[in-house]
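A.B. asks: The residues making up each chain are set out below.
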Amino acid sequence: MIAFLRSVAQIVAQVLAELADQNAYQRHLAAHNTVHSPEEWRNFQDEHWAAKSRRGRCC
Amino acid sequence: MGRILGRVLWAAISLAAALSLGVVASNRGEPVNSTWLVVASVCTYLLGYRFYAGFVAARVMALDDRRATPAERLRDGHDFEPTNKWIVFGHHFAAIAGPGPLVGPTLAAQFGYLPGFLWIVIGAVLGGCVQDFVILFGSLRRDGKSLGQMAREEVGRIGGFTALVTVLLIMIILLAVIGLVVVNALKDSPWGTFTIAATMPIAVFMGLYLRYWRPGKVGEASLIGFVLIVAAVFGGQAVAQSAALAPWFTLSGKQLAACLIGYGFLASSLPVWLLLAPRDYLSTFVKLGVVILLAVGIVLLRPDLQLPPLTRFIDGTGPIFAGKIFPFCFITIACGAVSGFHSLISSGTTPKLLARERNARGVGYGSMLLESFVAVMALIAAASLHPSVYFAVNSPAGIVGAGPAAATATITGWGFPVTPQDMGTLAQDVGEKSLFNRTGGAPSLALGMAHIFVQSTGGQAFMGFWYHFAIMFEALFILTTLDAGTRVGRFMLQDLLGQVSPRLGRTGWMPGVLGTSAVIVLAWGYFLYQGVVDPLGGINSLWPLFGIANQLLAAVALCVGTTILVKMHGARYMWVTCVPLVWLVVVCFTAGWQKIFSPLPALGFLAQADALAAGAQTATTGALIFNARLDAAVTGIFLVLVATILIDSVRVWIGILGGSRTAKSTETPFVPTQLMEES
Chain A
8 MIAFLRSVAQ IVAQVLAELA DQNAYQRHLA AHNTVHSPEE WRNFQDEHWA AKSRRGRCC
Chain B
520 MGRILGRVLW AAISLAAALS LGVVASNRGE PVNSTWLVVA SVCTYLLGYR FYAGFVAARV
580 MALDDRRATP AERLRDGHDF EPTNKWIVFG HHFAAIAGPG PLVGPTLAAQ FGYLPGFLWI
640 VIGAVLGGCV QDFVILFGSL RRDGKSLGQM AREEVGRIGG FTALVTVLLI MIILLAVIGL
700 VVVNALKDSP WGTFTIAATM PIAVFMGLYL RYWRPGKVGE ASLIGFVLIV AAVFGGQAVA
760 QSAALAPWFT LSGKQLAACL IGYGFLASSL PVWLLLAPRD YLSTFVKLGV VILLAVGIVL
820 LRPDLQLPPL TRFIDGTGPI FAGKIFPFCF ITIACGAVSG FHSLISSGTT PKLLARERNA
880 RGVGYGSMLL ESFVAVMALI AAASLHPSVY FAVNSPAGIV GAGPAAATAT ITGWGFPVTP
940 QDMGTLAQDV GEKSLFNRTG GAPSLALGMA HIFVQSTGGQ AFMGFWYHFA IMFEALFILT
1000 TLDAGTRVGR FMLQDLLGQV SPRLGRTGWM PGVLGTSAVI VLAWGYFLYQ GVVDPLGGIN
1060 SLWPLFGIAN QLLAAVALCV GTTILVKMHG ARYMWVTCVP LVWLVVVCFT AGWQKIFSPL
1120 PALGFLAQAD ALAAGAQTAT TGALIFNARL DAAVTGIFLV LVATILIDSV RVWIGILGGS
1180 RTAKSTETPF VPTQLMEES
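So the protein sequences, as listed, match chains A and B. Residue numbers for the first sequence follow this note's numbering, beginning at 8 and rising by one. Residue numbers for the second sequence follow this note's numbering, beginning at 520 and rising by one.
A portion of the hints provided could be inaccurate.
What the hints assert, rightly or not - One side of the interface only, derived from the structure: several residues of chain A facing chain B at Cβ under 7 Å: (1) Phe11; (2) Ala20; (3) Val22; (4) Glu25; (5) Leu26; (6) Trp48; (7) Gln52; (8) Trp56; (9) Ser60; (10) Arg61; (11) Arg62; (12) Cys65.
These are computed hints drawn from the structure, not numbers from a lab. This one's a predicted model, so the numbers in the text were calculated from it and none came from an experiment. C-beta: ideal position from N, C-alpha, C; glycine also.
When you get a sec, could you build the whole thing from the sequences and use the hints?
C.D. replies: Encoded structure:
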């Protein structure tokens, strides 16, 4: 039961990380073979949101 | 043994679904408890997911986990990335959940809770979920292509262009109608207006925090943002009680519309990290949190439904919007059962993240089931209000009469007794001057939610807080849709204009950015203003227009889906998408025809224009006549656009089934997966 609850909590944490773009940022760092820095975050933000803000919004 | 247990379990679920649906549908004369609706919907969803979605996945789509998905084959660390199915589910649900499933069922409750409930559940299981699932599947087998690209490749160039124009037009109507919902919720409400106004500097603060002070700390910034907006809800009460500050935040509908138009222009033109991105994070987390809170509240409180199963307004004489139960119940519910907009998400980010084909069932079909359940909860929240309160809040002054005495007399005459004192006390409880004529659904939904939250937590003194918290929640993510939608509309317009002049298509050329932003904002701003000055409250005209447009976009998606199935199997399984398609076409074309040509001025746009022309002329009569004719023209354009793609699709199907056209598959060839572990 504890193992089940732990796995649920992990999934919830991962979903929140995905929604907060943390996973996308980690992928960005890996793809550019670099580490976190304020400048890198700003690069990611500009690149990521340039694409994201073009997508349709639901009603 | 396990197999027998499984059969017993599914038999029990089927029995529970049948029993609870029977109770919901047949109970007369005494209030039905909301638990029956929850049990009926959840059991039906489980059956739909297990058996119907299972059949579609296995037989119709033949989902194959041995086939590499676009996320694996085209993996680039950005858009294409194999991702855990639960994370994709959360991502997809957060993307498809908008204000529609909250507002639509609330408005459709004018017919009683029963028709809306049945359509939300049955429409989702047989229509909305199928649409989302089939489009996700189609995109998954075509390198994550968009609906427009699939329409062009599967149906033809006309279909592709029609889909693009339809989406742009629908976006404009959508932004206008959700803007109107916010305006009607905030007009003459200093508490609500202050709270929503405060979300803007809070978002800018979050943007600066994320950009310069603590780069990358989205969770931290969102938590601070959430604490600040809760403080703003409390602050709004102080503002409303302040003789000096309250007038600054007491705005009329026209003033609020002007503010929204200005905000939309700014949000579309400013750097995305400053306003749009932080609002999007905040709105997503608040949205998910409140949906969970509402579900917990309903399960804990199990409120009785005060609205009757059917009201007298099924005959088309309803005060909130005109039109009979068929087709307008289905048009009004919109996104809670079927949403054309979901096809844009199902052919957008989601297919680029799925690691396994079979995950498409849970993500595509399952997410829509959850969205449908959100619509059921909104319906429960609205139906747990006393009918007199529900109609007093949602009916425009043009129908029930201006002033509390006239409105309460009209509503009492409908068989829902209410007094000005009752409504005055309720308004006082929630910290408002008046709750009459607050059309749009948001205030009545907020009242229902506040009742549930207050009774679940036991603090009547917090009624005002919870009401404004609910208003804040609704407005926050409506405005997020508004600013992001304006930006998307701007990009679409730039794409179109870029064909004529490449400079206009460049997103870095500031005159082009400002010009196209202004065009999009003025387009939806015009319809918003039209709704604000409409004597019938605007929702009567705009929400059906939005509902028709949204359902027609679903028809476009189902045309594409049917074409894919016909190319795969011939006529054998085309009924899977054709049944909901035929239903939507019949509903939308009937509603569209009635909205244009009905001789009743309350229903038909042209009859409304004629009635205005024949009546007493005032300074605004000319504009109202023009608006009614414009609405008729827009409805007509929607119908013509969708008829075009429908005819084009039928031509393709007949060609394939008759053998005069080859069923050329556009699927990407099979590539075996290299992914080892279950994702």
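A.B. asks: Could you run down the list of hints and mark each one as holding or not?
C.D. replies: Consistency of the hints with the structure:
1. Because the beta carbon of Phe11(A) sits about 14 Å from the nearest beta carbon in chain B, more than 7 Å, this interface hint is broken.
2. The beta carbon of Ala20(A) comes no nearer than 10 Å to any beta carbon in chain B, farther than 7 Å, and the hint placing it at the interface is violated.
3. About 3 Å separates the beta-carbon of Val22(A) from the nearest beta-carbon of chain B, less than 7 Å, and the hint is met.
4. The criterion of a C-beta within 7 Å of any C-beta in chain B is met by Glu25(A), whose closest approach is roughly 5 Å, and the hint holds.
5. Of the supplied interface hints, the one on Leu26(A) holds, with its beta-carbon coming within about 5 Å of a beta-carbon of chain B, less than 7 Å.
6. Contact between Trp48(A) and chain B, as hinted, is supported at the beta carbon level, the nearest pair being about 4 Å apart and thus within 7 Å.
7. Taken as an interface hint, Gln52(A) checks out: its beta carbon lies about 5 Å from the nearest beta carbon of chain B, inside 7 Å.
8. The criterion of a C-beta within 7 Å of any C-beta in chain B is met by Trp56(A), whose closest approach is roughly 4 Å, and the hint holds.
9. With its C-beta approaching chain B no nearer than about 5 Å, Ser60(A) sits inside the 7 Å limit, and its interface hint holds.
10. Against a cut-off of 7 Å between C-beta atoms, the interface hint on Arg61(A) holds, since the closest Cβ of chain B lies about 5 Å away.
11. The beta carbon of Arg62(A) is positioned within 7 Å of a beta carbon in chain B (closest approach about 5 Å), and the interface hint is therefore held.
12. The beta carbon of Cys65(A) comes within 4 Å of a beta carbon in chain B, closer than 7 Å, and the hint placing it at the interface holds.
Hints 1, 2 from the earlier list are contradicted by this structure; the remaining hints agree with it.
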